[in-house]
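Student: Heads up: the protein sequence lines correspond to chains Y and S, in order.
Everything in the first sequence is counted per the working numbering, starting at 6 for the first residue and increasing by one.
Everything in the second sequence is counted per the working numbering, starting at 6 for the first residue and increasing by one.
Everything hinted at is true.
The list makes no distinction among identical chains, and a pair is therefore deemed to hold if it is satisfied within one copy or across any two copies.
Below, simulated DSS-like cross-link-like pairs (lysine-lysine); rule was C-alpha separation at most 25 Å, straight line:
1. K520 to K579
2. K399 to K370
3. K580 to K520
4. K273 to K370
5. K582 to K520
6. K738 to K359
7. K736 to K407
8. K579 to K147
9. K28 to K251
10. K612 to K399
11. K359 to K156
12. K155 to K273
Calculated directly from the structure, the hints in this document are not laboratory data.
This structure is a prediction, so every number in the text was calculated from the model and none was measured.
2 protein chains.
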Amino acid sequence: MVHGKILRSVYAHARVLKLDTRKAEALPGVVAVLTREDVSKCPLYGAAYKDQSIVAIDRVRYVGDPVAAVAAVDDDTAQEALSLIDVDYEELPAVTSVDEALEPNAPLVHENLGNGEQMGYYYESPPGLAGTNLCYSFQYSKGDIEFGFKKSAYIFENVFTFPRVQHYSMEPHATVAHFHTDQITLWASTQDPFTLRSHLASIFRVPLHKVRVIVHDVGGGYGGKLSIKTEPLAVALAWKARRAVKVVHSVEESFKTVTRHPAKCRVKTGVTRDGILLAQECEIYMDTGAYADAGPRVTQKAGYRAQGPYRIPHTKTTAYTVYTNTVPAGAFRGFGTLQVCWAYESQMNIIAHKLGIDPLKLRLKNLLRKGEQYIPGDTPVDCDLRRGLLRAAKAIGWGQGKTKPFTGKGISCCMKDGGGTYKGSEAIVKMTPDGSVLVLTGTVELGQGAHTALSQIVAEELGIPLDRVLVTQVDTDFTPYDSGTYASSSTVVMGLCVQRAARAVKVQLLRAASKPLQEPINHLILKNGKVCNRKGQSISYRDVITAHLGSKAMNISRGSKGGDLVGRGIYQDKKSKRALLGSPTTFWEISWGAVELEVDPESGGIKIQNYVSIADVGKAIQPRECIGQDEGAVLFGIGHTLMEEMIYEDGQLVNPNLLDYRVPRFSDIPSQSETVLLEDYNGPGPYGAKGIGEGGILPVASAVAEALYNAVGVRILDLPLTPEKVWRAMKEKEGQVS
Amino acid sequence: MVHGKILRSVYAHARVLKLDTRKAEALPGVVAVLTREDVSKCPLYGAAYKDQSIVAIDRVRYVGDPVAAVAAVDDDTAQEALSLIDVDYEELPAVTSVDEALEPNAPLVHENLGNGEQMGYYYESPPGLAGTNLCYSFQYSKGDIEFGFKKSAYIFENVFTFPRVQHYSMEPHATVAHFHTDQITLWASTQDPFTLRSHLASIFRVPLHKVRVIVHDVGGGYGGKLSIKTEPLAVALAWKARRAVKVVHSVEESFKTVTRHPAKCRVKTGVTRDGILLAQECEIYMDTGAYADAGPRVTQKAGYRAQGPYRIPHTKTTAYTVYTNTVPAGAFRGFGTLQVCWAYESQMNIIAHKLGIDPLKLRLKNLLRKGEQYIPGDTPVDCDLRRGLLRAAKAIGWGQGKTKPFTGKGISCCMKDGGGTYKGSEAIVKMTPDGSVLVLTGTVELGQGAHTALSQIVAEELGIPLDRVLVTQVDTDFTPYDSGTYASSSTVVMGLCVQRAARAVKVQLLRAASKPLQEPINHLILKNGKVCNRKGQSISYRDVITAHLGSKAMNISRGSKGGDLVGRGIYQDKKSKRALLGSPTTFWEISWGAVELEVDPESGGIKIQNYVSIADVGKAIQPRECIGQDEGAVLFGIGHTLMEEMIYEDGQLVNPNLLDYRVPRFSDIPSQSETVLLEDYNGPGPYGAKGIGEGGILPVASAVAEALYNAVGVRILDLPLTPEKVWRAMKEKEGQVS
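Here chain Y stands alone, though its shape is the one from the complex (with noise of 0.2 Å):
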């Protein structure tokens, strides 16, 4: 195996004249260098449009983007040739931001968009705009938005906008990558493996049956492993290499690699005297960097997510996914919601206090009933959404007014649809002759406790201890189908596939041990590793499997020391004409969120000293897990709120890495703070289990932002809640005041 390493462009945008790689192929010990001239040939790809190439082709549209990379026998050697490499740029003129590149006459981070035969595309949306920078857009609207206005007692419209900010995986993006013959074998840190060998498959024409893609445990994900990054430049030097190469991400690479997406909502909204909403409308433009990766999907979502979990009976919503000279922003926790959320939330907020209705009981009046639809065609709302915002609101004393000067409180309520949309999954159970399971599941384990979640459902429903349950690594050679770990999705989707899975086997040892143990199976249960009676008689599943399974009547394979028992269990998110997006939402992903903090006159600086996260769990596998998950999720959301921006100044990114770029430590963390888990049982997994990880993290910005008003008087619509910006913000109100 030798190591690889990319050089990556300087310029934001740029022609890139002439490569020459001479010097660095002669420094000894570097293996390959790529160019390309290797990769001209290969189609070119994404997430969503095929707009990127393994390395620059013709020219180079973001600080980072890569345009060649060395194989070496270790790193320093790969490191030093990435320096001998010297490449004549022509710089052009860059838009690094929404508002650049939508100017007239902007720069075209792509001249060919629209030019279908480049731009094949995988989801059900056009191509962007020929002669704009426009990668996409998104439309929906009910009612009629211009009567709802008519009807308004008042009308509200306010921009808010959210920073880029970065996934921050402890472990970055790394790859080992094969290519024997036309064999590709691939260790990858990816959520997406089955995507993965799809795209590698087009990449490299070869079929599918010749990518195998394997994952081990993934160190973090959070959107930024999916669909795929780094994988091919790794596969094609492997190639170049012809041995294993290995290609790991510094942090500042990975801060080069994806993103979210920096965002602007304008939202303006129209409610009765009374404070009942009447018509809302919301643009949102949304920066997916230099390539879409999967902008025009988060686009979609943030644009079909954008009214919030509100009765609304006239909407119209317009979401844009706009390319610039940037660091290309894909899926990221929230996909699409956080940007949207912020809005919306904070769009309450404002109309509460300008009508001097109590924030809470404006969204009281508002908040959609369980049982009633967002959109027509899809799932109607699952869960009590007033119920958990009560909660929120009390667990922090709201309306109890302020224990000390600078103090304020905020709450919030989120809803995202969750399980992402038509996902579709198989598992496979395997029971070895001494009752031991082993769990065959395309579902990666990112941090998340998902294995840990799987192979509880296992063990519960073949009744045996769960350190009898082992998950198997990811190996798209071997492992059923799976859709992708994303959407707070596995444990329902996947959850639903293993307990299928799990009772094919169950059915096999009950029929087994039915005529032994002289009872109908309704009249058994497995208990403790054993097939168990009414009368107390017992056969251990080792004796069920080597000694009274009939293989035939069994579908099971054995040999005289007995097979392994096999069951498997498949998940099939439905197909929906009437849906707008094309399957209704597997669950809905609730969540809450309530805040007291306190802010420093003098810098500005906000200290958070309670947070309560309420999660609407249906039913917590493993409650523990479900509680880390959500705490993680708060303090993602603190990130942002507080702290966490990529700054660009000239088309260059000032601060990718963590001494600049600042993601929450110790010091930042709530001094006081509590998940509570709602458990309503009214989720579509395993024993009426819901997704979560990604509910969490929604209503912290616009708390805090509310908590902060209710503070100090500040109203800030532009994310992060910095010292600076707080400072200036009050500065300004005293200015006002004085």
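Chain Y is already provided as a structure; the job is to place chain S on it using the hints.
Tutor: Same frame as chain Y, now just chain S:
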């Protein structure tokens, strides 16, 4: 990963008094030294009996018995460390042949023999006889042997011996073991991954799901890599070294790990005046070396097969397994048949010559007919034995007299129950969304071409080119259960599994295409990756999977881009109480050999001029590989017939290497040779296939010995027919004559 080396006993039999490993442990680069201290609590293990320890506990029982092992950063360091281990032995008297072992008051190889506690066993046979070196015995009789002899006009009695030979796989035994927490992962050169999993789980007291055995292509097996060999030592060393350990045998070490059983067969035959067989008594002694390995099972099969393909109304067979202080003998291509077919076919020739009947005619008088029973309860003979024999005879011009002095011809016909006993297997066929296919099977590719044949069956069933089918690596975590790659079983047993699995996929394709193609499924065919109807319309598999497959009815998991289509196929041998070995044979592996040779009267050297092998293949799935298998088998036969023999002197194995132990070289290949594949579609496998690969080896020795007799008039009952032995026999005959 570190490298492991094994310290082996230099005594045939000794007590291990003291082990001092301090100097070895102190050597820089040594990571771990494994001794009996580490493994004394591990249960004993073995293919048939549990009589073997990871390293010697109290005694060593043969030259080569492992005493300790070292793991070090490289091979050289490990090797040096071995030389630094001080072992104090107390030498004990040894037995190195069956005759010595069966003498009254012979030293005992295992003192606790017959002690059920230590000698747990897997098979139905009783443990050996306490106070002797008898390890196992098998008896079978039919009719009334005394009566048969009484009715016979002539009685013949001879003793035939068969040498100890080694498998000599091009790749010696090799294992990489990793023991992490309580999970064992093994990359092993094994033919028998699931059995190995089961043994390792027992030895290291972990549940089966914590043992993962991964098998890549193996460089030759021939039975020498069945069940369990040095793998537990590698695992124990990995456990002690706390990292992965690679243990690769030298050729000499493989010679000291497993061999074929040397044997002595006494055959007593009664015939009528015109050569009709009436009674036959066989007494067989199999030398299993210091540990039983598969010895009892091999002995059982030798006994079962000892009467050959002839109609004999009165038979009695007794077969014994005997412990000696030599290297353990286990499974080896032919599995006990070699030793007995050498005896019964030589006996037929002796009878023929004594009665003045042509050996071909004598056989034709007595051969079982197709459909006739070999032993009641077993599968009737499934092939026309006479036809093959006549074909073989014709191929060398049998009966046409000598072409030259010192030349002679011989023929032979042998039969072995093929496919193993009570085999059970499963396969999974996964069609990816582009119509390419992965085959999950536990069948190990040993160079025999199994994966090619299995791929062809799948390609044929699914109407796709061969290069669209890939057999995955074998991995017990993922691959469905298989009882092992042995007994020429894969084409039949696993062939049926993959055929059934492919057909399960086919049904899903047909069902899904039936509606868009507007025809019922029995009007549709699969061809060139498409489902076609009678009107010439077709849909590609890709389109069927991504567009037309209704998920629920079709038992398919898929996402928006289409999931994998999964089919399972299962095979299970029937159990039968009527069958002596519990299960009728899957098929009969039948082979005929015909040879013409020339003897050098000066040296006694034999040169095979023409060898014709006829194989009853049923249907050759891949004729080229069938021929390759058969040619390889004939060469193995030439080895033990003319030259191969492991020689013990004073308990020491004197030729454990390819300089002193001769395997056939290019110069030993027959001047002319041919393999004829008889295709009668009479097998139980796909398209009428039978298993092959062991048959060709069986007739060689007896055919050659007969040709030798016809060439120079000497009859040798003791293999191999070395020049010296032939020369001495010729001299002796001259002496007798003169």
